[in-house]
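Put the complex together from the two separate chains, hints included.
Chains as they are written, first to last, in numbering that gives the first Met the number 0: chain A, 0 to 505; chain B, 0 to 322.
In short, the hints are calculated from the structure, not lab data.
In this text the structure is predicted, and so the values were computed from the model without any measurement.
The C-beta atom is built at its ideal place from N, Cα and C for all residues, glycine as well.
One or more of the hints may lead you astray.
To be verified - Partner residues aside, some chain A positions facing chain B, computed with beta carbon under 10 angstroms: (1) S48; (2) S72; (3) S76; (4) I77; (5) G80; (6) N93.
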Amino acid sequence: MVSPILELKDINKSFGHVHANKNINLQISKGTIHGIIGENGAGKSTLMSIVFGLYQADSGTININGKSVKLKSPRDSIESGIGMVHQHFMLVENFSVLENIILGFEGELVFGKNLEKAKKDLINLCETYKLNIDLDSTISDLSVGFRQRVEILKSLYRGAEILILDEPTGVLTPQEVDELFKILRSLKEEGKTIVLITHKLNEIMDLTSEVSVMRQGEMVGHKKTDSTNKEDLAEMMVGRSVLLRINKSSAKQGEVVFSVKDLVVKDDLDVTRIKNVSFDIHEGEILGLAGVTGNGQTELLEALSGIRKIESGEIKLFNEIISNQNNFLDPRILKEKGLAHVPEDRQRMGLVTDFKAYENLIFGYHHQEPFSKSSILKEKEILSFSKKVMDEYDVRPNSPNLITSNFSGGNQQKIILSRELNENPKVLLVGQPTRGVDIGAIEFIHQRLIDMRNKGAAILLVSVELDEVLSLSDRIVVMFDGNIVGEKINKNVTDRELGLLMAGVA
Amino acid sequence: MENLADIASLLNSTFRISTPLIFAAMAGLFAERSGVIDFGLEGKMLAAAFVAAVGSYYFNSPWLGLVLAIIACVSLSMLHGFASVTHKGDQVVSCVAINILMIGLTTALAAAWFGQAGLTPTLKDNQRFLEITLPFADSLQNVPIIGLIYSDIISGHYIFVYIAYLLVPIVFWIVFKTSFGLRIRAVGENPSAVDTAGINVFSMRYKALMVNGVLIAFAGAHLSTAVNANFFREMSAGRGYLALAALIFGKWHPKTALIACLLFGFTDALQIRLQGVPIPGIGLIPVQFIQATPYILTVVLLAGFVGKAIAPNAIGQPYIKER
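This is chain B alone, in the form it adopts within the complex (with noise of 0.2 angstroms):
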């Protein structure tokens, strides 16, 4: 029985390491399959755990906090909107400016509100989100299989966490069951088409960042102000390129992103459960080196067996009509 618990408490786990990845897998769907390149998903994120954090914290509400880190990260967007649509900057370069900004912007806020480098106060519990009980929980724990399932599995995680997996097909049915989603696909793939159906490819550009911005703030609210307290510096730790790593590796596809997004997450819960176990025949491995495999593991992926990913054709193109 021990091992099932174990393997139940490693996919309890990956679901919630998995949230953040979904949520910034979703965001970044929306830009390039709009042909806008998300590579500030990271920054976005960094910034949204802050302001989720901050937010929370003056205002005694953690749902305000999100709300608040909503309009931080759909402004950022908007910023990379403005520089790499309007103004046809590049947009790898547009990204990688909010990326440093942000990490600068969050320690050096957080260093002048509160004298500490780089962290925010720790969070009350009426100021975070916290673990969700579902009905029943409680009295089917003792069921077998069931009660395995349902109460130390799928129960007892952040709003976050549910939100993300209701998210999934939430995007799916955007993206390939709406109009709106049909004029996202089509102004990633040919933007003169999409023009010449009388649609302007801006405000196509700009309506599918600002969900971009939206989702993103999620990712961020959950890692300051529900599985952790407090911001701390760089808390997004990569998670924002291996979120953008997913979406490739699921090809700009929900549900395969979806997958991607889990085989990350569960890749480090087992990263974690085995830092300074023995693996037998092996013995002790370098916790390094066991933190490593989820980078690894998307290095190996994306180098040779996922396939040819790809892109929407005019992913990082800025639209320009020709003559």
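So that you can see chain A by itself, here it is in the shape it has in the complex (with noise of 0.2 angstroms):
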């Protein structure tokens, strides 16, 4: 056999108690797409950022091309031929294309000839690998996915030979992740080694010819990608086995509870951010909201909820308008008319991180009986429902005194949901319910959905993962610019044709 171009031996690296990588061992072969996968916080970007040096290993080797390398810097990672496409793109907004590309690899203190010779051996790049960017646009002007290609640009221009991509598609549509899928293969045909982080089962099966899964910090497992399966893999990533299609019956639909009516609404700089929405939702179904972030979803759900004025238009609870340009009602009258918010930022507007646990499970509802009476709270009364409720949401660990932050993203997000799911609401208005949270708790947390839908809650279900829209809705509507600019019946729609709606072109 070859030796492999990256070989990993015994890594082991600790944050204070957090032991996040132990002893990983992980050998890459040169010329293949090699996946890692693992839930959030296993521990994969912790890995790679050891290879990109970023970290330093507490201990353990590294070698490349089997010789030992140490990695002090990105420098020396990148003069070992390694390069890391980020989750958070590493690019300066108001920079050129190129002024990114060659920032620390400008050649010469002064700009002159080798700004010309650094355009043409990026021409050259962009050709072979049909990258298709203008070096002279600023980075602002550029969408997600050609940002994203920048990235890849500034790593081959710097002499990649492996290029570790970190979770690439979480912001992408999906004819963005096809065209980068593209450049990946052409990268892989021109002999490049590709690493894929990610916790997407799809593009494991996609992409990769070897897969290694991590668990809790841990190599559980290397895999040729040919002879295993989403299941095996979940089950891997997860410990146990894990459901990935959700099951669930046909709706019953019924009246119609929810209403929204020529809504137009304005953000807090005064920009129009929902130009003219108008849908209905059914009792006993879950309408789901497709689109890529920043299209008019964060806007949308803070005036349905009551958090934000609209300018003009209509939303009605039970026919009833609960808000129209002159007035609305705030979000305590509208919980008590049976109106509860999952908000899209748990942390901002979801929790007080910095409150315990049983402080946040009663929030909204603290006024009320039996948490409190005559303005008193009764501690007694709320600890005895937390353990209650954080039992039957599985919130690990089961301590209602522990500080929310403390615990993971998953089980933040259920104290959210069994907030305001404890009150059986009939309109629930869902904001990226499993943005951040593990493949486990993601089961959980859709079934729990289904379950109210089914007990006749009309759901409005606001993602910007798409396989969560398609697995949990019955229907689809897909929000771009502000616009709502498609209807669709969950049972005859593709994820093409709803990824074309949410990139503005179809």
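Written out as structure tokens, the structure is:
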């Protein structure tokens, strides 16, 4: 066997008490696309940051082409032929593409011939890999997909033979994902080695030839992609078997209970973010709202939940106007009328993360019995209630006195859900319910939402995860640039079609 | 003709008065473009003025005074860097500490060494920088227009004035046409991008602060060893803050910052000229009001006319590698 291009031996890394990487061994063969999969917090990004020289391992060795290397800084790694495309792009937004790429590798102190040479080299690279990037455009004018290409081009220009991509598809539309995969395949053709970090099983199956699975800081297995399947991988990731497709009965659609008509909403900077939106939600159905982040979903949820004033149009709950241009009911009244809201940004809007779990579990309902009487909180009742719901929603650890920020993302989300669902709302607005949540908790959260629907609740699910919208919704609407650009019945729609709508081209 | 002479003298003063502002604004530009707030221009200018005056007095050389002032200001910039870059302290607090410390320290040292509260001894002509008469200025004096412009406006300034106006295009060139400038700008916009490009963020910020220290020293030396012949208490008189305002007003760009400095210099020159002169139709304006015009102008410009000044993205944020 050929010696691997990248080999990690017994890598250990701790941050304080957290043992992020435990005795990691990994071999990556030249010219392959190698997937590394694991839940959030499994230690994938830490491991790759060690390879890129951002962190130093506490112990262990790294070999490149059979030779042991010390990677003390990104400079060392870049010089060893490693490039990394980070989840959050490492680009200076008001710089041109060219400036971003040459940063740190300018060649000479004074700009002149070196820029011309860099341009020529970059144009060649763009042609080889069909990247199609205008070197003089400013980053802030580029779409997310193009920014990612700039990152890839940057790594190639710096001489990367091994390209690490950290969750590259999280921010892309399906079409952009296709483009990215094409580029990655052509890189592989040219003999480059690609390491793909992801938590999405589809991507692993589509693209990789080998896959390594991480769980809680450990490497739990290496597989040839051909000889495994999604279910196996999911089980290895979570440590138990997982239901990937939710089982759900068909919807029993009832009356319209929530309706939005000709809605126009502005954001804090006075920019119109919702341009003219109308839709209805019936009892017993989940309406999925798909779209790329930043197309008005945030403002829509805020307007619907009584946090944001609307410019015109009306919002009705059980045929009663709850918001129009003159006035809107505040969230407390809406709660009493049976509308619950699981906000998109759970740490900023859903929770006070410095407070204890039991306090967060009753927010919004704290003034009601049995939690308080004559304005005095009844701690005993609150604690026993908290214990009960935390048990019911499988919040781990089950300790109501723990500060909320110490819970993982998935458990924080469960705290919010248990608070909002406990009152059996008639209408439920949910934003990004599984963002940053592990696959095990995703399954649980999805099941709860389906249960609510089956009990007759009307649910609006706003999510940028297309898989989630597709697996949960009965009907799907797509939002683009403040408008609803399409409505589909979930039975006969593909992610292709939705992707085109999301990109605003259909 | 008298009006023309007036205008010439007004412009001449404008160039002189703007000089310390330009040095300070360019100094601030390097720090702030690299992501480090420099609210401490005032304190450093004061320190430089004091050190330059004292150094020149002891060693009989204004140049040596300038070198010592540079050393002092670079040290203060390093102190600011140590607190706010290495130890990730609050940048504004660190600057305020430098400003307050320098007001007290310069006054106290002057009192201890020279027995005069906040004054240093008057410098002799060989201990200070003198006005330079450019070649042919005297012979061209009486040529119309050219004489006015060359002899009365351009000639006859202290060396710092000429250095300041040469400095601006040099700063522009460094910031926009060299890799050092590219890195400085990048580290103030997105330090993570710089880090992942294999460049040390901290050392970049220290380098920027070093340049900052050198440049601000010129502003102080100009005050105490050129325009004046000694140091006196709080002689920087808010110029550091004014320069910072000019930098913001100029959107962290050398050319527009220069224009802002000139505008402040002009209003200051104008107010000196207007003191005690009755304005037609209004009469005599109280001198305090006239003296306040540059500051009022600052507030008005910053509040309304400049439009949104977009600061470097990472300004004020200590760089912490994320996990």
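Hint by hint, where does the structure go against what was stated? Just the numbers, ascending. Violated hint: only 5; rest satisfied.
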